Amino acid sequence: MKYFFIQDYRHKYRFFSSEPLSQIDVHFSRWKKMWESAKKKLLLLPHKVLLQEQAFERILKSKENNIKIFYSGRLEGKRAKIKFFFFIQRQRTKHIIYLLGEILLLPISGLAAFLPGPNVFFGVLALLIITHWQAFRGINKLSKKDIQLRPDPYLMEWEQAIRSQNEQRYDVILTKIGEKYHISKIRKVLWK
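Numbering (this note's numbering), first residue to last: 2 to 193.
These are computed hints drawn from the structure, not numbers from a lab.
Source: prediction; values computed, not measured.
Glycine residues also receive a C-beta, built at the ideal position from the N, C-alpha and C atoms.
One or more of the hints may lead you astray.
[Stated by the list, open to error] In silico DSS-like pairs for lysine-lysine, Cα to Cα no more than 27 Å straight-line:
| id | residue 1 | residue 2 |
| --- | --- | --- |
| 1 | 79 | 146 |
| 2 | 79 | 13 |
| 3 | 13 | 181 |
| 4 | 82 | 49 |
| 5 | 146 | 69 |
| 6 | 95 | 145 |
| 7 | 13 | 69 |
| 8 | 142 | 84 |
[Said to hold, decoys possible] Ranges of calculated distance between the beta carbons of each label pair, as one might list FRET restraints:
| id | residue 1 | residue 2 | range |
| --- | --- | --- | --- |
| 9 | 68 | 154 | 17 to 25 Å |
| 10 | 138 | 48 | 17 to 25 Å |
| 11 | 164 | 106 | 23 to 31 Å |
| 12 | 131 | 78 | 34 to 42 Å |
| 13 | 112 | 68 | 41 to 49 Å |
| 14 | 113 | 165 | 48 to 56 Å |
| 15 | 82 | 186 | 26 to 34 Å |
| 16 | 83 | 157 | 13 to 21 Å |
Given only the sequences and the hints, what does the whole structure look like? Please build it.
The structure is reproduced here in structure tokens:
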């Protein structure tokens with residue numbers, strides 16, 4: 002599996018893997034209709050967000066101590082590692098805040114059980130909690146691993162294009178990156 006740490010067209014760093022977006026795997030037969038409906042609602046979140054959450058979650062399954070992450074190479078060695086370290090720290094803080102907010106909303110969502118039909122609000126909130134919890138655990142595990150940042154010329158070309166705001170080149174560069182690493186939704190992650 003290949004991991005990437007690169008800026009999107011708004012100059013915000015994104016962390017994602019080459020694996021495609023997958024369904025969240027939750028098995029609760031009693032409330033199957035509610036969970037299926039909640040999964041569909043959760044997948045309406047932007048690909049940028051879901052792919053990043055799943056990349057962090059996939060770190061949990063990784064047995065390797067060395068994680069190779071492709072980046073543009075614009076920043077040299079130590080500066081790039083520091084940038085990645087602060088990115089991980091911000092993500093950890095964000096996930097703690099998300100989890101606290103979602104846990105506080107959980108009892109309120111239980112009140113929707115009095116409405117007819119499945120309590121989709123509770124289901125979506127529960128899936129968000131599960132997703133953020135798994136990502137938070139992946140972030141913690143990633144921070145303990147040996148990170149090896151690998152520069153890539155296509156990713157450098159992408160960051161140079163966004164720095165110069167040359168939108169005519171965006172599509173061509175993203176096509177090259179997508180073909181090289183077999184990432185079909187690269188435009189949704191790094192562009193609009």
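Here's how the hints hold up against the structure:
For a cut-off of 27 Å, the pair hint linking residue 79 to residue 146 stands: about 16 Å separates their Cα positions. Distance hint between residue 79 and residue 13 is fulfilled; the C-alpha atoms sit about 20 Å from each other, no more than 27 Å. For the hint pairing residue 13 with residue 181, the CA-to-CA distance comes to about 22 Å; that is within 27 Å, so the pair holds. A threshold of 27 Å between alpha carbons decides the hint, and for residue 82 with residue 49 the separation of about 22 Å falls inside it, so the pair holds.
Of the supplied pair hints, the one linking residue 146 and residue 69 holds, its CA atoms being roughly 10 Å apart against a limit of 27 Å. This hinted pair checks out: residue 95 and residue 145 have alpha carbons roughly 18 Å apart, not beyond 27 Å. Proximity of residue 13 to residue 69 is assessed by CA-CA distance (about 20 Å); at most 27 Å being required, the pair is judged to hold. In summary, the hint linking residue 142 to residue 84 is supported, as the alpha carbons are separated by about 18 Å, within the 27 Å threshold.
Restraint check, residue 68 to residue 154: a C-beta distance of roughly 21 Å satisfies the suggested window 17 to 25 Å. One distance hint, 17 to 25 Å for the beta-carbon pair residue 138 and residue 48, holds here, with the actual separation near 22 Å. Between residue 164 and residue 106 the CB atoms are about 39 Å apart, so this pair departs from the stated range of 23 to 31 Å. The hint said 34 to 42 Å for the Cβ distance between residue 131 and residue 78, and at roughly 36 Å that hint holds.
The hinted window of 41 to 49 Å between residue 112 and residue 68 holds, with their beta carbons roughly 43 Å apart. At about 49 Å, the beta-carbon gap between residue 113 and residue 165 stays in the expected band of 48 to 56 Å. In this structure, residue 82 and residue 186 meet the distance hint of 26 to 34 Å, their C-beta atoms being roughly 27 Å apart. In this structure, residue 83 and residue 157 meet the distance hint of 13 to 21 Å, their C-beta atoms being roughly 19 Å apart.
The structure does not agree with numbered hint 11 stated previously, though it agrees with all others.
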